[in-house]
Structure formats: structure tokens, C-alpha cells
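The lines below spell out each chain.
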Amino acid sequence: MGSKSQDIVSRRQFLQSGAVAPLAAVLAVGMISIPFMRLAEAGGFMLRPPGALDEKRFLGACVKCGKCAQACPYKAIKMAGPSYGASLGTPYIIAREEPCQLCPELPCAKACPSGALDKGLDDIEKVRMGTAIIVDRENCLSIRGLRCEVCYRNCPLLDKAITIEARHNERTGSHTIMEPVVHRDKCVGCGICEKSCVREQAVIVVQKSPLLQKDSYEF
Amino acid sequence: MNLNRRDFLKASAAAAALAAATGSRFGIEAAEAAEGDIKWGKAPCRFCGTGCGVLVGVKDGRIVATKGDPQAPVNKGLNCIKGYFLSKVLNGKDRLTKPLIRKGDKMVEASWDEAMTLIAAKFKESIAKNGPDSVAIYGSGQWTVFEGYAASKLFKGGIGTNNIEPNARLCMASAVTGFMTTFASDEPMGCYDDLDLGDTYFLWGANMAECHPVLFSRLIDNRLKNPRVKIIDFGTRHTRTSQMADKYIKFHPQTDLALLNGIAHIIVRDKTYDENFIKKHAVFKKGKTSIGYGLEDKFKFADDPKPITFEEYKEFLKPYTPQYVSKLSGVPVATIEEVAKLYADKSRKVNSLWTMGFNQHVRGTWVNNLVYNVHLLTGKICKPGENPLSLTGQPSACGTAREVGTFTHRLPADMVVTNPEHRAKAAEIWGVDVKKIPEKPTYHATEMFRALDRGDIKVVWVQVTNPFQSLPHLNRYRKGARKGDGRFVIVSDIYPTRSTEVADVILPSASWVEKEGFFGNAERRGQQWFKMVEPPGEARNDLWQIIELAKRLGYGNLFPYKYVEKEIFEEYRKFTGGGKDLAPYEAYTKARGLRWPYVNGKETQWRYAEGYDPYVKAGEGVKFYKNKKDDGKAVIWARPYEPAAESPDKQYPFWLCTGRVLEHWHTGTMTGRVPELKRAYGAAVCELHPEDAKKMGIKQGGKVKLTSRRGSLVLTADLRGRGKAEKGNVFVAFFDENKLINELCIDAYCPISGEPDYKKCAVKVEKV
Amino acid sequence: MPISGVIIRCRPEDRDSVAADLAGYSSLEIHHRLEDGNLVATIDSPTVNEEVETVSAIMNICGVVDVRLAYHNFEDLVPEQS
Numbered sequence: 001m002g003s004k005s006q007d008i009v010s011r012r013q014f015l016q017s018g019a020v021a022p023l024a025a026v027l028a029v030g031m032i033s034i035p036f037m038r039l040a041e042a043g044g045f046m047l048r049p050p051g052a053l054d055e056k057r058f059l060g061a062c063v064k065c066g067k068c069a070q071a072c073p074y075k076a077i078k079m080a081g082p083s084y085g086a087s088l089g090t091p092y093i094i095a096r097e098e099p100c101q102l103c104p105e106l107p108c109a110k111a112c113p114s115g116a117l118d119k120g121l122d123d124i125e126k127v128r129m130g131t132a133i134i135v136d137r138e139n140c141l142s143i144r145g146l147r148c149e150v151c152y153r154n155c156p157l158l159d160k161a162i163t164i165e166a167r168h169n170e171r172t173g174s175h176t177i178m179e180p181v182v183h184r185d186k187c188v189g190c191g192i193c194e195k196s197c198v199r200e201q202a203v204i205v206v207q208k209s210p211l212l213q214k215d216s217y218e219f
Numbered sequence: 001m002n003l004n005r006r007d008f009l010k011a012s013a014a015a016a017a018l019a020a021a022t023g024s025r026f027g028i029e030a031a032e033a034a035e036g037d038i039k040w041g042k043a044p045c046r047f048c049g050t051g052c053g054v055l056v057g058v059k060d061g062r063i064v065a066t067k068g069d070p071q072a073p074v075n076k077g078l079n080c081i082k083g084y085f086l087s088k089v090l091n092g093k094d095r096l097t098k099p100l101i102r103k104g105d106k107m108v109e110a111s112w113d114e115a116m117t118l119i120a121a122k123f124k125e126s127i128a129k130n131g132p133d134s135v136a137i138y139g140s141g142q143w144t145v146f147e148g149y150a151a152s153k154l155f156k157g158g159i160g161t162n163n164i165e166p167n168a169r170l171c172m173a174s175a176v177t178g179f180m181t182t183f184a185s186d187e188p189m190g191c192y193d194d195l196d197l198g199d200t201y202f203l204w205g206a207n208m209a210e211c212h213p214v215l216f217s218r219l220i221d222n223r224l225k226n227p228r229v230k231i232i233d234f235g236t237r238h239t240r241t242s243q244m245a246d247k248y249i250k251f252h253p254q255t256d257l258a259l260l261n262g263i264a265h266i267i268v269r270d271k272t273y274d275e276n277f278i279k280k281h282a283v284f285k286k287g288k289t290s291i292g293y294g295l296e297d298k299f300k301f302a303d304d305p306k307p308i309t310f311e312e313y314k315e316f317l318k319p320y321t322p323q324y325v326s327k328l329s330g331v332p333v334a335t336i337e338e339v340a341k342l343y344a345d346k347s348r349k350v351n352s353l354w355t356m357g358f359n360q361h362v363r364g365t366w367v368n369n370l371v372y373n374v375h376l377l378t379g380k381i382c383k384p385g386e387n388p389l390s391l392t393g394q395p396s397a398c399g400t401a402r403e404v405g406t407f408t409h410r411l412p413a414d415m416v417v418t419n420p421e422h423r424a425k426a427a428e429i430w431g432v433d434v435k436k437i438p439e440k441p442t443y444h445a446t447e448m449f450r451a452l453d454r455g456d457i458k459v460v461w462v463q464v465t466n467p468f469q470s471l472p473h474l475n476r477y478r479k480g481a482r483k484g485d486g487r488f489v490i491v492s493d494i495y496p497t498r499s500t501e502v503a504d505v506i507l508p509s510a511s512w513v514e515k516e517g518f519f520g521n522a523e524r525r526g527q528q529w530f531k532m533v534e535p536p537g538e539a540r541n542d543l544w545q546i547i548e549l550a551k552r553l554g555y556g557n558l559f560p561y562k563y564v565e566k567e568i569f570e571e572y573r574k575f576t577g578g579g580k581d582l583a584p585y586e587a588y589t590k591a592r593g594l595r596w597p598y599v600n601g602k603e604t605q606w607r608y609a610e611g612y613d614p615y616v617k618a619g620e621g622v623k624f625y626k627n628k629k630d631d632g633k634a635v636i637w638a639r640p641y642e643p644a645a646e647s648p649d650k651q652y653p654f655w656l657c658t659g660r661v662l663e664h665w666h667t668g669t670m671t672g673r674v675p676e677l678k679r680a681y682g683a684a685v686c687e688l689h690p691e692d693a694k695k696m697g698i699k700q701g702g703k704v705k706l707t708s709r710r711g712s713l714v715l716t717a718d719l720r721g722r723g724k725a726e727k728g729n730v731f732v733a734f735f736d737e738n739k740l741i742n743e744l745c746i747d748a749y750c751p752i753s754g755e756p757d758y759k760k761c762a763v764k765v766e767k768v
Numbered sequence: 001m002p003i004s005g006v007i008i009r010c011r012p013e014d015r016d017s018v019a020a021d022l023a024g025y026s027s028l029e030i031h032h033r034l035e036d037g038n039l040v041a042t043i044d045s046p047t048v049n050e051e052v053e054t055v056s057a058i059m060n061i062c063g064v065v066d067v068r069l070a071y072h073n074f075e076d077l078v079p080e081q082s
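Protein chains in written order, with the working numbering: chain A, 1 to 219; chain B, 1 to 768; chain C, 1 to 82.
Treat the hints as calculated values from the structure; they're not laboratory data.
Note that beta-carbon positions come from the ideal geometry of N, C-alpha and C, so glycine has one too.
Incorrect hints may have been included.
[To be verified] Chain B residues, not near chain C, derived (Cβ > 12 Å throughout):
no., residue
1, Asp-7
2, Lys-98
3, Glu-567
4, Asp-649
[Unchecked claim] List time: in silico DSSO-like cross-link candidates among lysine-lysine, alpha-carbon distance up to 27 Å:
no., chain 1, residue 1, chain 2, residue 2
5, A, Lys-119, B, Lys-739
6, B, Lys-703, A, Lys-75
7, B, Lys-699, A, Lys-126
8, B, Lys-286, A, Lys-160
9, B, Lys-225, B, Lys-279
10, B, Lys-727, A, Lys-160
11, A, Lys-160, B, Lys-247
12, A, Lys-160, B, Lys-699
13, A, Lys-110, B, Lys-250
14, A, Lys-214, A, Lys-56
15, A, Lys-110, B, Lys-694
16, B, Lys-694, A, Lys-119
17, B, Lys-271, A, Lys-75
18, B, Lys-699, A, Lys-186
19, B, Lys-767, A, Lys-110
20, B, Lys-300, B, Lys-562
21, A, Lys-186, B, Lys-694
22, A, Lys-160, B, Lys-230
23, B, Lys-739, A, Lys-75
24, A, Lys-186, B, Lys-346
25, B, Lys-699, A, Lys-119
26, A, Lys-78, B, Lys-479
27, A, Lys-126, B, Lys-346
28, B, Lys-699, A, Lys-75
29, B, Lys-739, B, Lys-629
Construct the complete structure from the given sequences, taking the supplied hints into account.
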């Protein structure tokens with residue numbers, strides 16, 4: 001990762017707003033490892049607006065007109081600054097700041113003049129921007145047995161893209177661990193879960209959808 | 001911090017990071033040792049009635065950490081997301097730290113002396129001019145036991161008015177009247193152990209998954225361990241609870257009355273009741289019918305219970321055939337039959353759990369009676385793992401509001417002002433002239449604010465609650481408070497709220513571990529905690545505030561305590577023998593809560609049950625010993641189905657239901673100060689059925705306007721959310737101070753309990 | 001003054017160059033260099049703000065993949081006033 005002077009400000013503001021109110025009292029208690037920060041583009045992945053072609057073709061097709069960003073009623077779509085190299089001027093979303101709210105009419109895709117976003121997309125369940133993944137199980141409150149599951153209840157594809165898997169809490173002997181489980185075949189990658197995560201740093205984040213690796217097993 | 005300690009901490013930090021990087025446990029001990037001088041104290045959680053234990057870490061006079069208490073039997077170290085952020089609740093940027101007095105449109109900082117002098121003058125003036133019934137205090141199920149007790153003693157025993165009410169009137173009053181009319185003693189026979197021990201659970205109007213998160217986690221764990229366990233959710237809205245239940249049974253609002261009579265009908269028809277149990281432990285009664293809705297000011301109702309026979313009760317049930325009930329409720333006949341069979345199945349340990357769907361109901365008392373009927377008919381009561389259990393919403397709705405008795409009609413420990421013996425006992429313990437305690441109850445919560453609106457009450461002091469957001473038909477009462485003409489509103493709180501907006505004096509309060517406290521949860525568990533940190537600025541304990549007013553009104557002699565909290569508790573304990581026995585204060589300081597009756601150093605898990613409750617003699621099995629007038633038996637009530645106060649019609653075609661979400665609590669004054677919870681659930685939305693939305697052209701995220709006969713509100717439509725409204729219904733959470741949904745709600749109430757129905761009124765829905 | 005223990009993740013081949021760049025930060029002290037490219041360090045800053053700025057700056061050093069917090073002590077911080 002090279003220097004990204006353009007982003008330091010927003011990144012710093014982001015950190016300050018989250019981190020100044022002490023890095024969660026709980027962190028002081030003991031042994032918790034937490035990614036200090038995680039941006040949408042971490043690992044080279046940029047969360048694109050719904051209907052985007054795959055990254056290489058998208059970069060070729062996008063005319064950087066900003067119409068999708070204008071069309072977004074939630075101002076979730078931002079335009080990449082000069083530090084983004086080849087991605088300069090392309091639209092992207094920082095889910096933790098403002099995720100895609102999955103408007104049923106998909107006004108952003110409709111506004112795209114170049115085909116970089118698929119105008120024909122008419123069903124939000126078919127959107128594939130990325131896949132939400134719990135990247136930090138140790139810090140997930142639900143997996144630790146607390147009754148959080150905020151990501152699950154906020155999921156626009158509730159009970160489809162995220163479900164709750166209940167299992168016995170061995171430690172207490174009388175409670176349930178209610179683990180949010182993301183289903184990659186349903187998750188659209190909108191990032192609403194990432195935004196809503198109550199931890200200082202989201203433990204569920206949208207990443208590039210992992211490639212489906214096929215085999216002959218049918219279960 | 002000295003240099004050595006910094007070096008030590010740094011070594012710990014490096015060790016912890018190394019351990020995290022390499023996945024080893026090496027260094028953890030060092031990190032833990034570095035925290036060694038944090039002092040941990042126990043306290044119950046500040047939010048719902050579950051009563052989870054938490055540990056509060058204090059260092060140098062500040063809370064540096066909180067965590068679930070692993071030793072607490074209720075939650076064993078777990079919390080919900082609200083409890084997780086407990087410490088942040090105290091540290092909002094806009095904490096009230098100085099008394100404020102209204103000067104025109106402005107609230108001006110004042111000293112405590114100025115504020116209390118003004119308040120005392122207003123009380124004196126109003127009492128002299130209009131009598132003691134022109135002043136009132138409105139408290140809460142979040143009052144500590146000491147605060148509630150002191151308020152009751154001052155108002156009933158000192159000032160000489162029964163103008164004291166808690167917000168628990170809005171949430172638990174029907175449960176109370178249900179308990180009193182059926183068992184002649186408030187509070188449940190069962191406890192949370194029933195969640196672990198039973199195998200069949202009926203949830204009625206309770207979204208446990210969100211509103212009692214840790215208890216729900218216990219219930220689901222029971223099912224994980226035991227494949228026989230069945231959870232059946234009766235509701236008018238598909239919730240996260242419904243989602244995890246084995247069966248969700250939707251019914252038309254208000255028809256729970258018919259459904260429960262229908263279940264009893266089938267049990268009687270099939271003779272699956274427990275004849276022996278009924279003979280030994282139950283009597284039958286009927287009361288008045290067509291009892292009204294309390295919509296008119298000064299509405300009065302007195303029931304007229306008449307004994308009936310089992311045969312007459314059977315006659316009463318005759319019309320509630322599965323077919324008739326199905327037609328009313330929309331539940332299929334086969335489902336009603338199946339449910340009745342489950343309830344009566346002798347091989348099953350059956351429990352019923354309910355909350356606001358039952359209690360906030362214009363026939364709330366009746367529907368509580370009806371669920372007890374089913375348990376009494378089948379004898380599935382007072383046994384481990386087999387009980388009806390009323391869940392509560394506030395941390396001390398039970399411990400304070402109900403058990404200390406901070407209602408207009410009540411005195412401590414199940415006693416009432418209308419009973420001369422009870423008044424005499426209270427007067428004796430309080431050391432006041434018995435004539436001081438008025439024998440007539442005055443106003444219950446809704447009527448109290450109606451009286452303020454009319455001007456019959458001039459001075460009202462609100463503590464630890466937010467009525468000007470939480471009352472139904474809110475417009476009327478918000479306006480009423482500001483009508484002038486001698487009206488004077490005092491609000492004690494920790495943050496500015498929709499109630500401090502209408503206040504003439506705002507007093508900054510201490511909260512939770514900023515004071516010594518005592519809460520009682522829904523399973524009769526009393527939990528004590530010590531003061532751990534100082535409140536911010538000049539904020540002061542509500543208990544101190546009450547006693548300060550007492551002194552200034554000349555009743556300082558009623559509070560001659562040195563260790564105020566402990567001495568109040570021991571005084572209160574004098575009221576509580578004979579089945580409501582509390583432990584000595586000392587015992588609570590050590591235990592992780594104790595369930596009363598506490599006799600001979602032992603708590604009680606199951607009341608009225610031989611072998612558990614020390615008041616039940618050997619050989620009695622079960623004894624409802626508190627109901628002396630019915631010879632120690634419980635009452636099975638003939639209570640009919642009657643419609644809601646307001647049902648949808650052409651003009652207002654939708655049912656409006658209100659409630660809670662997991663992330664926020666009550667009116668959001670505390671949880672709204674936690675940025676993480678705001679981010680997780682920011683604003684109230686309107687849940688709408690997708691087909692209803694489609695008909696009106698309303699899309700996900702679009703704006704809708706809800707209008708009732710009392711008010712209107714614009715909200716964002718949610719068609720895909722955590723709760724799924726049934727067709728013809730909408731649901732809105734009430735936590736959001738910017739979306740006062742209670743302006744739309746109707747102030748109709750159960751005539752017996754006085755509890756308003758927040759779950760049913762008629763609205764129209766328009767696309768904006 | 002907050003003290004943090006952090007893991008600075010780098011590609012193994014960049015580890016030592018990152019470590020050299022980090023030498024410029026007085027509030028940061030490297031305690032371990034691990035085989036897999038991780039650096040274990042502590043940050044000892046006067047305020048959380050400065051701590052966050054230090055971390056932000058580290059994030060932008062060429063070769064740093066991410067910074068993870070493993071330990072955080074802020075016991076002597078005064079509560080926020082603003």
C-alpha cells in the first residue's frame with residue numbers, strides 16, 4: 001500500500017470520531033486483538049455501487065461522470081480522489097460511513113450512462129457488490145455469547161443473507177450463543193451490517209466475494 | 001502515574017500484543033495483573049426487568065470498565081448490547097449537572113438551595129390553597145427501593161395524599177391486578193429456572209428475543225439441550241422471537257381473550273383438566289362485564305366479584321367453540337385444538353410467558369386472569385419448570401413500584417390504603433397518625449396527568465421517568481403541563497428529555513452506581529449495589545432530593561436516618577413478613593441477589609409449593625396461602641371477550657402497535673447517548689406489510705404519514721425489517737424522542753388496572 | 001496517557017524497512033520482530049488523539065498492511081469534557 005495523502009484526513013476524522021471516546025472501556029480489560037482500522041479499499045478492494053461490472057471491466061467502462069453519486073439519495077457513493085491511481089474519479093462506497101441502502105429502484109445504476117453499472121438490474125437481491133465476512137470472530141459480541149446480533153437485525157435480507165445459528169454456550173451452561181452467519185449466495189454486499197456493527201472497529205466487513213470453488217459434492 | 005508503573009504497563013502491552021500476534025496465551029497474566037488495581041463492584045444492569053448482574057471496574061474514582069458478572073445466576077457473565085455499553089450511559093456529553101429554574105422561556109442555572117426553596121414554596125402554597133391532593137409525585141420502576149419507599153412515606157404518611165404513582169402503571173399494572181385478583185398476592189410463583197426446566201413455552205404478546213434478550217438466550221438453550229422443547233409464539237406481529245419459535249400463531253389484535261377462553265373451552269370439553277387440583281386449589285368467580293375503556297376523565301370502576309360454580313364456569317365457556325374463536329381471531333380451528341392439547345398434555349411441562357401484549361391492554365387484568373385459568377385448570381402451576389411467568393420491563397418495577405407499593409392505592413408489601421388495618425400498620429411503622437394516610441386512592445397515572453391538564457393537580461414532581469414522551473395521547477398531556485395557572489412541573493433526570501422540556505425546575509440526578517441502590521427483578525430477586533463513583537457536577541441522588549423536600553416541608557422527622565439506605569431498607573422490611581419476607585440488608589450486600597420469601601437464611605425458587613416455599617406445610621402440596629378470603633385457593637375467572645377501545649374502520653383502517661427494539665430502552669434517554677447504539681438503530685421506522693405498502697405505492701425507505709384521531713407523524717417505511725407487520729397492522733418503536741408515536745396512541749385503559757393500551761388503536765397510513 | 005500494544009502487519013520482506021521507518025516515531029517502541037513479518041510494538045502517547053495520529057501515520061508507511069490493537073490502557077485519561 002502506497003501513500004494516500006488524500007485520504008488521511010477522512011481516515012483520521014473517521015478514527016477520531018470513533019476512537020477518541022476511549023477505545024472502548026472493555027478493551028482495557030485484557031486480551032483483545034482488533035484491526036485498528038479497515039477501509040473499504042483494504043486489500044485493494046473497493047466497494048462499488050450496485051450493478052458494477054467486475055473490477056477490471058468496470059474500470060474500463062466507467063466514464064467517471066459522477067451521475068451515480070448524484071443519484072444516490074443517501075450520499076453513500078463517493079468519487080475516488082487522486083491517490084487512487086487507475087481508480088481516480090470512479091465511484092465507491094465506504095460502508096462503515098454510509099453503506100448502500102439498496103433502494104428498490106436502484107437509482108444509481110439507472111443513472112449510469114456507460115454501462116459500468118448494469119441498468120437492467122431490477123432486483124436488489126441480485127446485486128453482488130461483495131460479501132460480508134466476520135473477519136474478527138474473537139471480537140464479535142454475538143459469538144462471545146452476548147445478545148447483540150445487530151448486524152443480523154439490520155440486514156436488508158434478514159433471514160436470507162444473514163441467519164442466526166444457535167448453539168449451546170458451554171461456559172455458562174444455560175445460555176445460547178446466537179452467531180450471525182453470512183450466506184454468500186444471498187449476501188449482496190451492501191455493507192449495512194458493517195456500518196451497524198457496534199464494535200469500535202467493525203468485526204463484520206464487506207470484502208471481495210470469494211471465488212466459488214466447484215467440486216462434485218452436492219451438500 | 002509513576003514511571004515504574006508505565007514501564008510495567010508497557011511490558012504488559014507488548015506481551016499482550018505478542019500473544020495476540022502469535023496466538024499464545026503468553027503474557028496474558030501480565031496484562032491482567034496490570035489491571036490489578038481496578039476495583040470491581042457488583043450491580044444489577046440499569047435497563048430491563050431481567051436483572052442481569054454486571055461488574056463495574058473503578059479506578060481513581062472513575063468507571064474504567066464494565067462486564068457481565070460471571071457469578072450472577074441470571075446471566076453468568078453475559079449481557080445484551082445495552083448492558084455491554086452500560087458505562088457509556090452515564091457519560092453522555094449533555095449530562096445535567098446543575099439545577100435549572102425556568103425564567104420565561106429560558107432555563108437558568110441555580111443552586112440546590114434556590115431550587116429546593118422554590119419547590120418547597122410551591123408545594124406549601126398549593127397544599128394551603130388547594131389541599132394536599134393538588135400536589136403529586138410521579139416516579140418509576142427505575143426508582144431504587146429506598147427512593148420509592150421514601151417517596152411513599154413522604155406523600156402518604158407526611159403530606160397526606162395518595163397522589164403517588166409510578167410509570168409502572170403504564171407497563172405492569174395489569175400484571176399486578178391479574179396476580180391480586182387470582183392469587184391475592186403480587187409477583188409470580190415461578191422463577192427463571194423454569195426457562196431451563198420446562199419443555200413447552202407459550203409466549204403471549206412478548207418479543208423476548210429483543211426485549212428480554214438474556215432470558216431468551218436461556219430459553220433457546222433449553223431447546224438446544226432438549227429436543228422435546230417447543231416454543232409457541234402468539235402474536236400480532238412477526239418478530240425475531242417468532243422467527244426462532246417452533247410455531248408462530250398470528251391472531252387479530254384483542255382476540256387473545258377469546259383464544260384463551262377457547263383453549264379453556266377445549267380443555268373442559270375434553271375433560272383434560274386436573275379435577276383433583278381444581279377441587280383442592282381453585283374457586284370460580286365472575287365479575288362485571290362491558291366495563292368500559294376509561295376514555296372519559298374521572299372514569300371510575302369497581303368490580304363486583306361473585307362466586308360461581310364449576311358448572312356455571314363451563315356454561316360461560318360454551319360459546320367459545322373453536323369455530324367461534326377461530327372466526328374472531330383468525331387462528332385456524334386445528335391450531336386452536338392443537339394448542340389446547342399441548343396446554344393440557346400431562347406429559348408436558350407447560351409455561352406461559354408474557355409482557356406488554358397482555359399488560360398494555362384495555363382488558364389487561366382479564367387476559368392475565370385468563371392465562372392463569374388455563375394453568376389452574378390443568379394444574380400446571382407452582383411446580384419446577386411449569387408455571388405462568390409475567391416478565392417485566394423495568395429493573396425495579398417489581399422490587400420498588402409493586403413491592404414497595406408506590407401506587408395511589410397501595411402501601412408496602414401487598415397492602416392497600418382502602419384497608420383500615422393496613423393503614424394502621426403503615427402508620428405504626430412510619431410513626432405517623434393513622435388519620436394522615438387517606439383511605440381513598442386518588443389518580444392512577446393517566447388520570448394524574450388528566451388532573452394536571454384540568455388543573456386539579458397543580459404541582460407534580462417527576463423522577464426517573466419521562467412521561468411527556470411515554471404517555472398515550474401525548475399531545476393533551478404535553479399541552480396540559482404548560483397551561484400555567486399555578487401549574488408547576490419538577491423533573492429530576494440525568495439528561496435533557498422531552499419531559500424536562502415542559503419543566504419549571506429541572507434537578508440533576510445521580511444514576512445507577514453513582515448512588516447506593518436496590519432493585520428487584522421479575523423473579524422476586526432483590527439485588528443491592530454500593531455507590532462506586534461520584535455523580536458529575538452537582539448532580540444528586542433522587543433519595544436525597546426527596547428527603548430534602550421532606551425537611552423543607554417539616555417532615556424531616558420521618559427520615560431520621562444516619563445510614564439512610566440501610567435503615568430505610570430495614571424499616572421497609574418490617575412490612576414484609578408472611579410470605580414476602582426479605583433478607584437483612586447485609587445479606588444482599590454479599591449475595592448475587594436473593595429471591596423472596598427469604599426465611600431462615602434461604603431464598604425461595606417456587607412460591608406456594610411444598611418443599612420450596614416455607615409457608616406451605618408438609619402434605620399441602622400447593623397452597624395459595626395469601627388468598628385468605630378464598631380459603632387459600634386461587635380464583636378461576638369467567639372473563640369474556642370484549643372488543644378494543646378503538647378498532648380500525650373506513651377512516652382509520654390500520655391497527656397501530658408500539659413497542660421496543662433490542663438496541664434501545666424505553667424513551668431512549670440513556671441508550672440514545674451511546675453512539676454505537678444510535679448507529680445500530682438510529683430512528684424509529686414504520687413497519688408495514690409489503691402488500692399493504694404496494695397497494696398504496698409505498699416503497700422501502702419511502703416516507704409514510706400515520707394519522708390517528710389524536711395526532712399524526714411522518715416516518716420512514718420499513719417493509720423488510722426485523723419485525724414484520726401483519727396485513728392491516730403497522731408497528732412503531734417508541735424510543736425515538738424525535739418521533740413521538742405516543743401522540744397517536746389512545747389513552748384508553750383497563751378499568752381494573754388503569755393501564756393504557758399502547759398496542760391497539762386505529763390509524764390511517766398515507767404515502768408522503 | 002494511553003498505552004497501547006499493537007501488531008503491525010507487514011509483508012515479511014518489508015518488515016525491516018518498515019521497522020527502520022518506524023524508528024522516527026518517538027512514541028513508538030518495537031519489542032519483537034516476528035518471522036511472519038509482524039512487528040510487535042507499544043505506543044505511549046500523551047493523548048488518544050496523538051495515539052490515533054501515530055497509528056494513522058504508520059498505516060501510511062509503505063509496506064504496512066494493517067495495524068491491530070491488542071492492548072489498550074487509558075486508565076489515567078480524564079473523561080472527555082467537550
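Here is what the structure says about each hint:
1. Asp-7: Per Cβ check, Asp-7 (chain B) is inside 12 Å of chain C; nearest 10 Å; violated.
2. Lys-98: Answer for Lys-98 (chain B): holds, closest chain C Cβ roughly 15 Å.
3. Glu-567: holds (33 Å)
4. Asp-649: Per Cβ check, Asp-649 (chain B) is outside 12 Å of chain C; nearest 52 Å; holds.
5. A:Lys-119 <-> B:Lys-739: Roughly 36 Å separates the two Cα atoms, so the pair is violated.
6. B:Lys-703 <-> A:Lys-75: holds (18 Å)
7. B:Lys-699 <-> A:Lys-126: holds (18 Å)
8. B:Lys-286 <-> A:Lys-160: This hinted pair is violated, its Cα atoms lying about 49 Å apart.
9. B:Lys-225 <-> B:Lys-279: Status violated; Cα separation ~36 Å.
10. B:Lys-727 <-> A:Lys-160: holds (22 Å)
11. A:Lys-160 <-> B:Lys-247: Holds. Lys-160 (chain A) to Lys-247 (chain B) sits at ~19 Å (cutoff 27 Å).
12. A:Lys-160 <-> B:Lys-699: holds (20 Å)
13. A:Lys-110 <-> B:Lys-250: violated (39 Å)
14. A:Lys-214 <-> A:Lys-56: Holds. Lys-214 (chain A) to Lys-56 (chain A) sits at ~23 Å (cutoff 27 Å).
15. A:Lys-110 <-> B:Lys-694: holds (21 Å)
16. B:Lys-694 <-> A:Lys-119: holds (23 Å)
17. B:Lys-271 <-> A:Lys-75: Roughly 65 Å separates the two Cα atoms, so the pair is violated.
18. B:Lys-699 <-> A:Lys-186: Judged against 27 Å, a Cα distance of about 21 Å means the pair holds.
19. B:Lys-767 <-> A:Lys-110: holds (23 Å)
20. B:Lys-300 <-> B:Lys-562: With Cα atoms ~43 Å apart, Lys-300 (chain B) and Lys-562 (chain B) exceed 27 Å; violated.
21. A:Lys-186 <-> B:Lys-694: Given pair Lys-186 (chain A), Lys-694 (chain B) holds - Cα atoms ~24 Å apart, limit 27 Å.
22. A:Lys-160 <-> B:Lys-230: Since the Cα atoms of Lys-160 (chain A) and Lys-230 (chain B) sit roughly 24 Å apart, the hinted pair holds (cutoff 27 Å).
23. B:Lys-739 <-> A:Lys-75: It holds: about 23 Å lies between the C-alpha atoms, which stays within 27 Å.
24. A:Lys-186 <-> B:Lys-346: violated (44 Å)
25. B:Lys-699 <-> A:Lys-119: This hinted pair holds, its Cα atoms lying about 19 Å apart.
26. A:Lys-78 <-> B:Lys-479: Outside the cut-off at roughly 45 Å; violated.
27. A:Lys-126 <-> B:Lys-346: violated (50 Å)
28. B:Lys-699 <-> A:Lys-75: holds (19 Å)
29. B:Lys-739 <-> B:Lys-629: violated (48 Å)
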